[in-house]
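Since chain A is already given, all that's left is putting chain B on it; use the hints.
Keeping their order, the protein sequence lines are chains A and B. Taking our numbering as reference, the numbering of the first sequence is continuous, increasing by one, and the terminal residue is 264. Taking our numbering as reference, the numbering of the second sequence is continuous, increasing by one, and the terminal residue is 1470.
Honestly, I wouldn't trust all of these hints.
What the hints assert, rightly or not - To give an idea of the interface, some chain B residues facing chain A are shown, with a C-beta separation under 10 Å as derived from the structure:
hint, residue
1, Glu-1418
2, Glu-1432
3, Pro-1444
4, Lys-1447
Said to hold, decoys possible - Below are the DMTMM-like pairs computed for lysine to aspartate or glutamate, each with C-alpha atoms no more than 20 Å apart in a straight line:
hint, chain 1, residue 1, chain 2, residue 2
5, B, Lys-1029, B, Asp-1074
6, B, Lys-1046, B, Glu-1160
7, B, Lys-1195, B, Glu-1140
8, B, Lys-1366, B, Glu-1418
9, A, Lys-114, B, Glu-1016
10, A, Lys-116, B, Glu-1456
11, B, Lys-1379, B, Glu-1409
12, B, Lys-1143, B, Glu-1164
13, A, Lys-114, B, Glu-1456
14, B, Lys-1046, B, Asp-1157
15, A, Lys-168, A, Glu-30
16, A, Lys-67, A, Asp-8
17, B, Lys-1017, A, Asp-115
18, B, Lys-1095, B, Glu-1160
19, A, Lys-187, A, Asp-115
20, A, Lys-114, B, Asp-1013
21, A, Lys-116, B, Asp-1386
22, B, Lys-1195, B, Glu-1311
23, B, Lys-1195, B, Glu-1160
24, B, Lys-1066, B, Asp-1079
25, A, Lys-67, A, Glu-170
26, B, Lys-1414, A, Asp-149
27, B, Lys-1447, A, Glu-30
28, A, Lys-187, A, Glu-155
Keep in mind the hints are simulated off the structure, nothing from the lab. Glycine included, each C-beta is placed from N, C-alpha and C at the ideal position.
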Amino acid sequence: MADFEIRDLRASVDGKEILKGVTLAINKGEVHAVMGPNGSGKSTLSHTLMGHPGYTVDGGTVTFKGKNVLELEVDERARLGMFLALQYPVVVPGISMTNFLRTALNAKRGYDGKDKSKMISPKEFRSMLKGELEVLHMDDSFLPRYINDGFSGGEKKRAEILQMAMLKPEIAILDETDSGLDIDSIKFVAEAVNRMRGPELGVLIITHYTRILEFIKPDFVHVLVDGKFVLSGGPEIANRLEKTGYSEWAEADESAVLKPEEIA
Amino acid sequence: MATVPKQIEIGSDYKEKYGFSVPEDYIFKAKRGLNPEIVKEISWMKKEPEWMLKMRLRSLEIFRKKPMPTWGADLSVIDFENIFYYLKASDKQSKTWEDLPPDIKKTYDRLGVPEAERKFLAGVSAQYESEVVYHSLHEELSKKGVIFTDTDSALRDHPELFKEYFGTIIPPADNKFAALNTAVWSGGSFIYVPKGVRVDIPLQAYFRINAENMGQFERTLIICDEGSFVHYIEGCTAPIYTTDSLHSAVVEIIVKKNARCRYTTIQNWSTNVYNLVTKRALAYADATMEWVDGNLGSQITMKYPSVYLMEPGAKGDVLSVAFAGKGQHQDAGGKMIHVAPNTTSTITSKSISKGGGRTSYRGHIKMYPDAKNSKSFVKCDALLLDDQSRSDTYPYNDVDAENVTLGHEATVSKVSDEQLFYLMSRGITRNEAETMIVNGFIEPFTKELPLEYAVELNRLIQLEMEGSVG
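Just chain A, same shape as in the assembly (with noise of 0.2 Å):
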């Protein structure tokens, strides 16, 4: 048994079905990248393992620390050790972003508003922070701002891994983070994750294009299209996909590199 494990994941989205039976296992120290065209279903699989209330399941379990992901609400799936770094950070005004930080810390150690020796000292988190913005070679200037408020794509995608560094997932859904990113952001957040990854760390990494996978090199690879897995192997794949693109399966002949100009 793997330590996170999808069986045959079926879910819609307004009563289209979207994943028809995805089946997929994870375990701690690997790092498994899933691609696909555009509308094969990518999205849908990051939401529905963190159970975005837009996402229906119709089937399969996910089962991770020997319960069924798929029963928890979202905040059970966090704490329980998972973590999504969303594609579009949502903005969420008047919250800065070290309150937010903070918040979530403590209610992953388990404080309810009520104990509060389970609250994280202010030394001890402003070391904590401290640490991790200097591995992520990061400026503190945005913590201060309002959650993602006015943030450009590139900070609001590293405001994400911070997030991830600080709250040590065991399984983290990197989804599309390198969309609409520059060459520079897209090595950042490589790096980072390169940094964070080892045996405590399983990720899924959801992406359209390859490129990612040029600075994080990933141990298994999955083709996604039409909600189903059509390919599974090794990072070789990766390559194959970047000569041939998605054509093999998909009927849009869609290419799995960037167009020059497309590059952000």
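Chain B alone, transformed into the frame defined by chain A:
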């Protein structure tokens, strides 16, 4: 399953923190109901001059003649004959907390008022039922000529100043509840800040209702002389009773040339209190009046702090937050009356409705013909937390001046699934995520409060949010 935080019942939690009551042990308790005899009795108890008694009796007549306002919240259920109009709990005003009758001292200790005074206040006034029972002011401020006292003492000790302004900004005939207050007023704060004096640390008044069916009618008068500054904060709480209490205050403020006054309210009455308050300020040349008005409690609140911009350069601000939970109606807003040229005003209203609660923004911008080159901007944001709750906006604009700018923006939004999902995906519970979104929504208000009050307000919001989930 991961642990689910225990939900707090808002009723019981408010009860523990604010909604407790202590036994009634009063020096004097007037009979229920409203009539000339009660009014005479109040005036006699206070040993008032004849002119005040006459003004009270005349105001009672006006109250009787004026119809109940029907344009706002539903007030038809108020039974004026079932209310106690005057309750005196202590025979003297204390200068130390230790001197208070034990039950009253215990009440303020539980509310944390003495502690707040030690930490960050320049002066405190504590009103219990009808009278101010405790009063203090930093010595250096009294040396500078600052007067901060209860309004009854001011009538006795500063009769000229008192008579010059009392009832001139809000005359008894202004509205039915201003008339009621003028007839039966008792307590409240009187503040005079001399020319050029800045009171850098806030003054606070704490209003407490303890008895059932109590009517509290404090009367506040603040005079900021030229170039002065003061920040006055009021807080109010009451026990939870099944029958109604009435709070109907009148607050009059004069802000003279180049002076600035900030008046902050954190209203947290229990949900059996009708809160019907008239607040008005006159701002003279280059003066600034700021109302920072937070309404969390009460069954019904009707309150529209206003500023009359009397001379060029005068500036008026209203920043208000209203939270209406189950069974509550917060009808709040602001009025800006531009009388002189080059005056500016802003009204920012933030309202939150939850569990079937109702908020209304009601505002009035008036620009008289002389108010050339004046500017006003109104922004109302409403946040609805569920489908049963309601929010309305009633803006009235009256522009008779040329070359003026008037802006109005209104938004109504719901807590979005995307925001909730995002916060929860970081391990934060639904309840806490909603609280964060609400606290973020009112952050423009909270950041204007002294830190201790900002923390307190966020905590109050948290209690409100927890309450309605179960």
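Quick rundown of the hints versus the structure:
no., hint, verdict
1, Glu-1418, "holds (5 Å)"
2, Glu-1432, "holds (7 Å)"
3, Pro-1444, "holds (7 Å)"
4, Lys-1447, "holds (9 Å)"
5, Lys-1029/B to Asp-1074/B, "violated (29 Å)"
6, Lys-1046/B to Glu-1160/B, "holds (18 Å)"
7, Lys-1195/B to Glu-1140/B, "holds (15 Å)"
8, Lys-1366/B to Glu-1418/B, "violated (40 Å)"
9, Lys-114/A to Glu-1016/B, "holds (16 Å)"
10, Lys-116/A to Glu-1456/B, "holds (17 Å)"
11, Lys-1379/B to Glu-1409/B, "holds (5 Å)"
12, Lys-1143/B to Glu-1164/B, "violated (23 Å)"
13, Lys-114/A to Glu-1456/B, "holds (16 Å)"
14, Lys-1046/B to Asp-1157/B, "holds (13 Å)"
15, Lys-168/A to Glu-30/A, "holds (15 Å)"
16, Lys-67/A to Asp-8/A, "holds (16 Å)"
17, Lys-1017/B to Asp-115/A, "holds (19 Å)"
18, Lys-1095/B to Glu-1160/B, "violated (25 Å)"
19, Lys-187/A to Asp-115/A, "violated (41 Å)"
20, Lys-114/A to Asp-1013/B, "holds (14 Å)"
21, Lys-116/A to Asp-1386/B, "violated (31 Å)"
22, Lys-1195/B to Glu-1311/B, "holds (18 Å)"
23, Lys-1195/B to Glu-1160/B, "holds (17 Å)"
24, Lys-1066/B to Asp-1079/B, "holds (16 Å)"
25, Lys-67/A to Glu-170/A, "holds (14 Å)"
26, Lys-1414/B to Asp-149/A, "holds (18 Å)"
27, Lys-1447/B to Glu-30/A, "violated (45 Å)"
28, Lys-187/A to Glu-155/A, "holds (13 Å)"
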